[in-house]
Structures are given as C-alpha cells and as structure tokens.
Amino acid sequence: MTKPNYISTTNACKLCTPLGAAMAFRGVEGAIPFLHGSQGCATYMRRYVISHFREPVDIASSSLGEKQAVYGGGPNLKKGMLNVMKKYEPKLIGVATTCLTETIGDDVPRIIKEFHDEFGDLPLPEIVEVSTPSYNGTHTDGWHGAVRSLVGQLCTQERPKNDSINILPNMVSCEDIRHLKDICEDFGVAATILPDISETLDAPTLEDYVRIPTGGTTLSAIRSMSGASATIEFGRCLPQETGATVLEKQFGVPAKRIGLPIGLRESDRFFGMLEEISGKTMPLRYGLERGRLVDAYVDGHKYVFGKRAIVYGEEDLVAGICAFLAEIGVNVVLAGTGSRNKGLAKAISEVSSGLTKEMPIVREAVDFHDIAEEGATLNPDLLIGHSKGYQYANAWKIPLIRVGFPIHDRFGGQRMLHLGYKGALNLFDGIVNAMIAKKQSDSQIGYGYL
Amino acid sequence: MSTAILDERKSQIHRIGEGEIDIACNRESLAGAVSQRACVFCGSRVVLYPIADALHLVHGPIGCAVYTWDIRGALSSGPELHRLSFSTDLQEMDVIFGGERKLEAALDELIDRHKPKAAFVYSTCIVGLIGDDIEAVCRKMTAFKGIPVLPVMSEGFKGNKREGYLAACNAMFKLIGTGDTSDIGPVSINILGDFNLAGEIWIIREYFERMGVEVVANITGDGRVDDIRRCHGASLNLVQCSGATLALAKMMQEKYGTPFLRVSYLGIEDMADSLYQVADFFQDKSPGIMERTQDLVRSELESLMPELARYRKDLEDKRVAMYVGGSFKAFSLLKAFRHLGMKVVMVGSQTGTKEDYAELAQIADPGTIIVDDATPLELSQFIKEKDVDLFVGGVKERPIAYKLGVGFCDHNHERKEALEGFVGMLNFAREVHSSVMSPVWKFVPRRAHHASAVTDAPKGDHHD
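Heads up: the sequence lines are chains A and B, in that order. Just so you know, we're using our numbering here: the first sequence kicks off at 1 and counts up by one. Just so you know, we're using our numbering here: the second sequence kicks off at 451 and counts up by one.
It should be emphasised that the hints constitute simulated quantities derived from the structure, not laboratory data. A portion of the hints provided could be inaccurate.
[As the list claims (entries may be wrong)] Cut-off 35 Å, straight-line C-alpha distance, at most; resulting in silico cross-link-like pairs (DSBU-like, lysine-lysine):
no., chain 1, residue 1, chain 2, residue 2
1, A, K67, B, K460
2, B, K804, A, K86
3, A, K67, B, K624
4, B, K565, A, K397
5, A, K86, B, K793
6, B, K608, A, K86
7, B, K460, A, K78
8, B, K768, A, K86
9, B, K608, A, K78
10, B, K590, A, K67
11, B, K793, A, K67
12, A, K79, B, K804
13, A, K67, B, K804
14, A, K438, B, K866
15, A, K78, B, K804
16, B, K608, A, K91
17, A, K397, B, K700
18, B, K705, A, K67
[Stated by the list, open to error] Derived Cβ-Cβ restraints for the label pairs, each shown as a range:
no., chain 1, residue 1, chain 2, residue 2, range
19, A, I445, B, F594, 56 to 62 Å
20, B, I546, A, K280, 48 to 54 Å
21, A, V70, B, M887, 51 to 57 Å
22, B, M887, A, R110, 53 to 59 Å
23, A, G291, B, N877, 38 to 44 Å
24, A, F411, B, E659, 37 to 43 Å
25, B, K804, A, R415, 42 to 48 Å
26, A, S443, B, E559, 38 to 44 Å
27, A, E241, B, G528, 47 to 53 Å
28, B, E559, A, R110, 39 to 45 Å
29, A, P75, B, E559, 39 to 45 Å
30, B, I546, A, E158, 39 to 45 Å
31, A, R110, B, E542, 17 to 23 Å
Since this is a predicted model, take the numbers as computed values, not measurements. Cβ coordinates follow ideal geometry from the N, Cα and C atoms, glycine included.
If we strip away everything but chain A, and leave its shape as in the complex, we get:
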C-alpha cells in the first residue's frame, strides 16, 4: 500500500536522490562528486555523509544563485568544473542534478558537450552525469542511477573477453566491500566491484590532507567491464535498467541478479554463483565460516525464536535482513521503506519462503510516523534499521539493532559487516546479545549466567 499523495511526511525514512549518486561517485578512483544546484544541497549532504563515515567528504557544487536560477546554470557548472579541476585534479567528475536544475531545465549532457568543445585543449577528466531530481525517487535511485551512468558512459567499447566478473554491490558498508574483495581474492577470481567505497569512505590517517582519497574502482577497470564473464548485481528490488542490464544489452555480459547476501541462504546463493561462474570450489575458510554460523544459529536459537521485529530502511537491505531473520525464527511483523513501487513485498516473500508461517506487513513509501502508528499496535521486541529509528525504540523501550546507513548515533557504522556468513554471524551475535541484555535488565534478579 502506498499513501495517497496528499498526506504530509513526518520523519522521513529515506533521503534525497542526489545524495545516493554522490555516495556512489565517491567509490570511483580519483572521482569528485559535483552537485549541479544551489550550495546548500552539497553542504547538507556532505554533513550528513560525514556524520556516518567520519571522513572528509568533499562534494563540489555549482553554487547557483537567483540569477542562474532564472538564466540557467550552464556557465556556473562549467566554471565550477574548471575550479574543481584546478584544485582537485580529479580523474572523474560525477555530476548529479538537483531539483533546482531539473526544474529550470538545464540540459546537462549538452552543457558537458559544450564544455568538451570549449576546453578540449585542456587535459579534461572524464565527466559522467546522472539525472537525480530529488522529487523523484529516493537516495537508492540516485545510487543505482549513478552506477548505471558510470557503466553506460565510461564502458563504451567492446573489450576482449576475460575471466573477471563484475559485482555491483548496492549500498553496503565499507567493511562489506572489503569482505567481498577478500572473498573474490580467496576464490582466485578477478572482480571489478563498482563502486568501491572501502577506502574512499574509510581511509587511514596519512601524512597530509588527501584531496581525493586513494582507492575506488579504477576507470580502466570500469572500461573493461564489457569484457567480463558475468555481472552479479545485488538486490531484489532493483530498477529494470541497471549497470548490469546495460552491460548485457550492449556487450552481452550476462546479468545475474541476486539478493544482498545477508543470512545463510542468500549467502549460499552468492557463493554458489561464484562457484558456478568461476568453476572453482568455495575455499575451505568459507566452509568453516558457514559451519560456525550454523553452529551459532543452534547455540542461540532460544534467545531469539518468536521475537517480533520491525525492519525499515533501504528496500534491498530490508529484504536482506528479512531473509536472515526468517532463518533464525524472528518474526518480522512490519517491514517498511521510504521507496515506492520496488516490489519489496514480493522480495520478502521470496527470501522467507519455507521458513516463516506468516508474512510481515510490508509498507512502501512510509515515514516514521506511519511505522510508529502501525508498529505501536504490533508489540515488537526489537527494531532493526538505521539510526533514525532511535527515538521510537527509546519510546517503546526495546533495542534498536543498527544496520545500514546512516548510523550517526553510534561509532563504526562504516566498519559494520552485514554480508556473507561472517556478516550474518556478526548480525546474529548483535541480536542475541541485545535480547540477553534486555532479559537481564528486565529481570529482578539480574542473572549473571544467561
């Protein structure tokens, strides 16, 4: 069910489209995100992303004023790109539009073409643009749009077929990406992960302030994606056209879509797919990780069975968490996302099949007011989602298990592991311990052994 159009929003469970694009651009080597709009958008988004990652996040802006809003923002976009080139020497400028420039009708592809014509004598960086009006979709649309634009605009030539695979990982944490890289390396599979925010949004301290942090998917790797043996993209709620489908259509690279590998079964699917594509067997260490996960599931099942959870956030993360909860016997009573028309209910039903007796209530296009209104009648034992649910968990006196983005009332959100057997174990430990802590603090005795 989606709400009728005229109802107000209170405490939104989503972010705006250009933010997702800016975050995705940050995962390309030498890239600087550039928002074509008024200054506030870039500054607000920087602040927001910084509070989660605790890293410098330089996002440029064309800083449009009233005059440009009337006469068009082209000159400011060009001037801004020249200034960014001077100061950052980027390999790529990722231009995302905002509601302002979409509405005044700036033709960004044309402005960029003019820019190439006018300044072709300079060593120009790659410029990739994506249309991200913030009145259309959420930050996940911006993310997927930017990935699609990166592939579509950079990967334009057929490359010799090779054994590498492409992975489009969706909005996951820096630690998740690092884990994916380890998995591929251990499998002996060359992989291009796009975007790769593992270093660029979780960088070490260095001698100097780095204009653009090292790491990120290289441009040459992106250009070579057309020669890969397959593209695996994570997400059961993805748009029809994605980076993977573009590669399939243009270059015949098979697109394989699987859910975020969260929990045992979805991770099995991912590892199975890696085995199938690479023709190699899963390395022993992952077999052991899987074994430890099942062992933990057994050891901890009584603490969690039958508990009632509300899950909210980005649609694919919600589906992934629901997959995992179904395995451990936690009943999801309400699953909500700020996105609309993403097929979340279908995704949850697929990942829970054979495990749960009852489907949760699934709500798209909801805000926290809706979640709280409905949630209050459902008697939940825990909330699972990003930091924005804190005040509701606090009011209901139940634990909030923090996953995804943004986590800005706790430390280390960027280093949180959700994916693979190891990620599932991490989530499981967190949930079991939250339940134990709750039992302990609710008990008059305060058992020392639980």
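With the hints as your guide, set chain B onto chain A.
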C-alpha cells in the same frame, strides 16, 4: 601542484599585519570551490527551528527536511514539536501541477494532529521556481485553523545563509505585537540569538534571575510562540548571535522603541561584561542590581579560576584555528583562548561582515589568518601552515582536523556540551584540554614525524 587557494577566493583571505584589512565577504560561494557554507533555507531553519511549540513544515522535496531533522542540540523545557521533521515531500506531479493543494492538506493534517501554537512554512528552492504562492496558502490556513501560519521565504538559491536569517526575522516579526503585555515588569529583557544548545539558555536565565531581571521571551532557543507574541513588552533586547537576530532587534527598535545590546555569553570577560551592561541599563529601575551582579560574578569566578589554572598549565602556548558560523562568536572565543594561554592563529567565518572582520583584526595577533567562507583545502593548508594543536568548528570541519592529526572541538550548533556562562567556560576548558592533550596525536603520521620548525610568519604558497 597549485596552492589550495583559488584566485577568485584570494580577496576573502587576509593575514593580519599585511596592510589594511579589506576583506571581501557576503558573496555567493564560488562554483566548484567546495564551500563549507550552506544556503538561505539553512539560515532560516537554524534560527527558527528551536521554537518548540511551533510546527515547522518544510515545503519541498524530502532532502531539505531530512538534512535538518533534529540536528541541533536545541533543548526545550516543555514541548518538543521542533524535534520532528515535517515535509510536503514534493513529487514530480506536484512540481508540474503546483504544490499549493498539497501544502494546504499537509497543514490541515499536521495542525489537527499536533495542535501547535503557530506554524512556520519554509519555502525551498523548488517552491520558488514553480511559483507556489505560499503566502496566500498561509493566509488562508491562518483564517481556517485559527493559529498564525507564517511563510518563511527561504528559497535556497536566493543568496547565502544571511538572507535566511533575515527571512526568519521577517517571519517572527509578524508574531510580535500580538500578545498581552500588561503583566510585564519594567526590569525585563528578551534573549535573542541563543539556541539553548545543551541547555545553555537555562544557565543564562538563572544569572538574570539572580540579578532580579525578568526574561520575557527566549528567541529562539527553548522558545514559545506566546512569549514571542508579547516580547515587545520587554524593556530591553539582548542580542547574542547578531547575524541571526540583529535584524529582528532593529525592527523591534524601530516599531516598538525597544533598545538592544549586543552581548556574548562565551568566555569570562564577555559573560561578565554582558551581565554588567544589563545591570547598568537597569540601574535606575532596580536598586541594588549592580551589587547583585558583582556578587554573582565574584562567586562564579571564585570557583572557576582555580580550575581553569590547572588546565592552563598544560595548554599554555598551544595554537588554535577556528572556523565558525557567525563571526561575532569568534571574538569571544579568541578571548576565552587567551584565558587558557592559547594562541589563536586563524579565524574563519561563514557569514562575517566587513565590520566584524575589521573588529576581529583589531584584537587578533599579527600573522593571524582571517578567512571568509572557506574550503576544505584552504582549511587544511592553514592548519598545516600554522601547525595548530586544536581546530574549532562544526561537523564538516571535524574530519579535516582529524585527518591532519589535530584535536577538534565542536563549537557549532550541533554541540552537546554547554559552553556558555561561567560553568560553560569550565566545560570548554575541559573539552579543549581533553582534545589537545590526548596521547592519540602522537601516533598520527603527520605529527609523529613532524619537525617543529614552524613559525608564526606567513609562508605564502608552499603547498604540497
């Protein structure tokens, strides 16, 4: 590699001692420069948001409301409506056909649900473009709902943050003069430009109570609509954050004859001086007020000074850079750092005026860098050049300092420590101390290997 400063930004940077200060300011941020500054909407939102029993509805797409959801630590002693994030969440069809009906419906629904004392409706970029007549909608809803529904004309692209402050003052000014003032005494003030971060306004109100001064309205921290409606009955306005509320004080002076004083509650001298100014103002109407104020200041300082001295021993001669929102705060901070024996070597502000910067130049040491509007690359260059031990700023500045291995204190609107008043000075010293003296800086590459051959003298372009 080129220097961190773009040519077009050079006139917004000045080093004290290098000729007359003639700094460019109040400009639009330079395209592509990665400014630390936000927009008009941001300016209005930060000023009005702490009015706790009003509904704050952002008319626009979702981002503007989400990014400003409860980000300040502006506390309320009662209602907490201000901590929720309300938006019309404009969609594509609204942009095409106009969002007025949706705005009306949202106001109708939210006012019924929350029964606020007033509603502020913030206009965002997109609303300015599609031409929704929010003033007409607000007039209609005021009549329909029987509470003031006030438009805040804060389209993001209309200028910088200062324009937003003005839009906020214009909106509030419509409330003033609509409440009963009959029971307000002659020794009465309004507190303007304090946002009650971490409960700071409660500290300040307590001082005034001890002096025998009645506080009519807090504008806007821990603010209430009914107080603002009758605040024209107060005898004096105290303006702290002048960027934000000086315009309102001037409007009140013109229309109601209310005089104002510019004050600051940060640091020892400015705090004491502000209280004495108020005592001075009411001397004729309130016998003994000067003595009460002296007692207050004396007793506060007696407990504070020995504690400060302990911190000062460690902090003597450490160097500080700061980048703050309004420049007026920088004066107080500069003096506060002197109390700790620390040297301020760089001062930047998002919204300073020529007068502010000239005044700053008077009190700052030679060689101090003054910067208007700033970018991460400039800030990182100044931190390195001046080899600072501490950076004072807001959330966006924090990772810049940390990456360079420099301690950081949040003295911006997101702080969760009360830094105002005499007790605030102690909290401030404690926080500065724990930032600067932490052993972690010994492990950060830049400072671990760093030779200490840095002087106060400007070095020009020597960037990496």
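A quick look at each hint next to the structure:
1. With a C-alpha separation of about 23 Å, the suggested pairing of K67 (chain A) with K460 (chain B) holds against the 35 Å cut-off.
2. For the suggested pair K804 (chain B) and K86 (chain A), the alpha carbons sit about 29 Å apart, so the restraint of at most 35 Å is met.
3. Our distance criterion of 35 Å between C-alpha atoms is met by K67 (chain A) and K624 (chain B), whose separation comes to about 29 Å.
4. Between K565 (chain B) and K397 (chain A) the alpha-carbon distance is near 26 Å, which keeps this suggested pair within the 35 Å criterion.
5. At roughly 33 Å between alpha-carbon atoms, K86 (chain A) and K793 (chain B) fall within 35 Å of each other, so this suggested pair holds.
6. With a C-alpha separation of about 27 Å, the suggested pairing of K608 (chain B) with K86 (chain A) holds against the 35 Å cut-off.
7. The suggested pairing of K460 (chain B) with K78 (chain A) holds, with an alpha-carbon distance near 20 Å, which does not exceed 35 Å.
8. The straight-line distance between the Cα atoms of K768 (chain B) and K86 (chain A) is roughly 34 Å, inside the 35 Å bound, and the hint therefore holds.
9. Simply put, K608 (chain B) and K78 (chain A) have alpha-carbon atoms about 21 Å apart, close enough for the 35 Å limit, and the pair holds.
10. The suggested pairing of K590 (chain B) with K67 (chain A) holds, with an alpha-carbon distance near 31 Å, which does not exceed 35 Å.
11. A distance of roughly 42 Å separates the Cα atoms of K793 (chain B) and K67 (chain A); the hinted pair therefore is violated under the 35 Å criterion.
12. A distance of roughly 27 Å separates the Cα atoms of K79 (chain A) and K804 (chain B); the hinted pair therefore holds under the 35 Å criterion.
13. As the CA atoms of K67 (chain A) and K804 (chain B) are separated by approximately 24 Å, the hinted pair is consistent with the 35 Å bound.
14. The straight-line distance between the Cα atoms of K438 (chain A) and K866 (chain B) is roughly 28 Å, inside the 35 Å bound, and the hint therefore holds.
15. The straight-line distance between the Cα atoms of K78 (chain A) and K804 (chain B) is roughly 30 Å, inside the 35 Å bound, and the hint therefore holds.
16. At roughly 32 Å between alpha-carbon atoms, K608 (chain B) and K91 (chain A) fall within 35 Å of each other, so this suggested pair holds.
17. Using a Cα cut-off of 35 Å, the hinted pair K397 (chain A) and K700 (chain B) is violated, with the two alpha carbons roughly 47 Å apart.
18. Distance restraint check for K705 (chain B) and K67 (chain A): the Cα-Cα separation of roughly 33 Å lies within the 35 Å cut-off, and the hinted pair is therefore satisfied.
19. Taking the beta carbon of each, I445 (chain A) and F594 (chain B) are about 58 Å apart, inside 56 to 62 Å as hinted.
20. Remark: the range hint 48 to 54 Å for I546 (chain B) to K280 (chain A) is upheld by a beta-carbon distance near 53 Å.
21. The supplied range of 51 to 57 Å is met by V70 (chain A) and M887 (chain B), whose beta-carbon atoms lie about 53 Å from each other.
22. Checked against the hint of 53 to 59 Å, the C-beta distance between M887 (chain B) and R110 (chain A) comes to roughly 56 Å, which is consistent with it.
23. One distance hint, 38 to 44 Å for the beta-carbon pair G291 (chain A) and N877 (chain B), is violated here, with the actual separation near 52 Å.
24. Checked against the hint of 37 to 43 Å, the pair F411 (chain A) and E659 (chain B) passes, with Cβ atoms roughly 39 Å apart.
25. Between K804 (chain B) and R415 (chain A) the Cβ separation comes to about 46 Å, which falls inside the hinted range of 42 to 48 Å.
26. Remark: the range hint 38 to 44 Å for S443 (chain A) to E559 (chain B) is upheld by a beta-carbon distance near 43 Å.
27. At roughly 51 Å, the beta-carbon separation of E241 (chain A) and G528 (chain B) lies within the given 47 to 53 Å, and the hint holds.
28. Between E559 (chain B) and R110 (chain A) the CB atoms are about 42 Å apart, so this pair conforms to the stated range of 39 to 45 Å.
29. Judged by the Cβ atoms, the range 39 to 45 Å given for P75 (chain A) and E559 (chain B) holds: they are separated by roughly 42 Å.
30. In this structure the hint that I546 (chain B) and E158 (chain A) lie 39 to 45 Å apart at CB holds, the actual value being about 40 Å.
31. At about 22 Å, the CB distance of R110 (chain A) to E542 (chain B) agrees with the hint of 17 to 23 Å.
Checked against the numbered hints given earlier, this structure breaks hints 11, 17 and 23; the rest are met.
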